[in-house]
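Generate coordinates for the entire structure from the input sequences, incorporating the hints supplied.
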Amino acid sequence: GAGVSQSPRYKVAKRGQDVALRCDPISGHVSLFWYQQALGQGPEFLTYFQNEAQLDKSGLPSDRFFAERPEGSVSTLKIQRTQQEDSAVYLCASMPAARREIDNEQFFGPGTRLTVL
Amino acid sequence: QKEVEQNSGPLSVPEGAIASLNCTYSDRGSQSFFWYRQYSGKSPELIMFIYSNGDKEDGRFTAQLNKASQYVSLLIRDSQPSDSATYLCAVDIPLQNNNDMRFGAGTRLTVKP
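Chains as they are written, first to last, in this note's numbering: chain A, 1 to 117; chain B, 1 to 113.
It is possible that part of the hints are untrue.
[To be verified] Here are the simulated lysine-lysine pairs, BS3-like style, with alpha carbons at most 25 Å apart:
hint, chain 1, residue 1, chain 2, residue 2
1, B, K42, A, K78
2, A, K57, A, K11
3, B, K42, A, K11
4, B, K2, A, K57
5, A, K57, A, K78
6, A, K78, A, K11
7, B, K67, B, K56
8, B, K67, B, K2
Bear in mind the hints are in silico, worked out from the structure with no lab data behind them.
In structure tokens form, the structure reads like this:
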């Protein structure tokens with residue numbers, strides 16, 4: 001079946017521009033995560049959704065970052081007034097279950113590489 | 001203290017040797033532990049998970065968990081050049097009814113032919 005997809009795969013933005021990154025999770029997956037991965041670093045947690053509810057947004061670095069998942073499927077990560085330090089790969093992952101289960105696996109999308117000039 | 005810590009490496013081992021990757025975590029309530037492999041320019045892929053103290057073996061990979069020491073490791077036996085990648089340790093964050101996870105910064109492994 002189809003995996004997690006993300007679009008665009010690459011995005012170049014001028015400093016100050018707004019960008020929107022899309023994530024299509026695996027159909028039926030309840031949980032959705034956004035991560036930011038800088039070059040040579042591990043994924044840094046940004047935010048987590050359970051269906052349409054954003055249960056944790058503690059990782060969003062500033063109020064310029066906003067995420068939504070209005071119908072509990074597709075999610076959009078929006079970054080306003082982009083800065084050079086926002087340059088990174090943005091990874092989306094989905095997971096089938098909502099409640100904690102010991103063998104839950106996150107399935108990652110290919111990521112969106114954002115470059116802010 | 002970061003929630004999940006790994007030695008960043010790089011770790012270099014010769015082909016055929018055992019590679020040992022280590023990870024420590026801060027939350028004693030964590031129950032699930034995952035090892036992901038990430039090739040350069042690719043997204044992470046799950047290779048093993050473990051939730052009970054002790055060892056779990058899957059082919060050339062063995063995960064070891066010690067909850068008392070808050071330590072989880074990954075051993076790769078008979079290392080191959082194709083194992084060269086960054087290995088990410090991930091730990092669940094025990095929030096009520098949630099499935100939050102945190103990743104370590106990853107250990108870069110190079111297996112030399």
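(message) What's the verdict on K42(B) and K11(A), does the C-alpha distance respect the 25 Å limit or exceed it?
(response) Roughly 16 Å between the alpha carbons, so the hint for K42(B) and K11(A) holds.
(request) Measure nothing beyond the straight line between the CA atoms of K42(B) and K78(A); if it is 25 Å or shorter, mark the hint as holding. (result) holds, 22 Å
(message) Run the distance test for K57(A) versus K11(A): straight-line Cα separation, threshold 25 Å.
(response) Roughly 23 Å between the alpha carbons, so the hint for K57(A) and K11(A) holds.
(message) Against the 25 Å threshold, does the CA-CA distance of K57(A) and K78(A) hold or violate the hint?
(response) With a Cα-Cα distance of about 13 Å, the restraint between K57(A) and K78(A) holds, given a limit of 25 Å.
(message) Check whether the Cα positions of K67(B) and K2(B) lie no farther apart than 25 Å.
(response) Measuring from Cα to Cα gives roughly 17 Å; hence the hint holds.
(message) Next pair to validate is K2(B) with K57(A); report whether the Cα-Cα distance is within 25 Å.
(response) Judged against 25 Å, a Cα distance of about 18 Å means the pair holds.
(message) Run the distance test for K67(B) versus K56(B): straight-line Cα separation, threshold 25 Å.
(response) holds, 14 Å
(message) Checking one constraint from the list: CA of K78(A) to CA of K11(A), max 25 Å. Satisfied?
(response) holds, 13 Å
When held up to the earlier numbered hints, the structure conflicts with none and fits them all.
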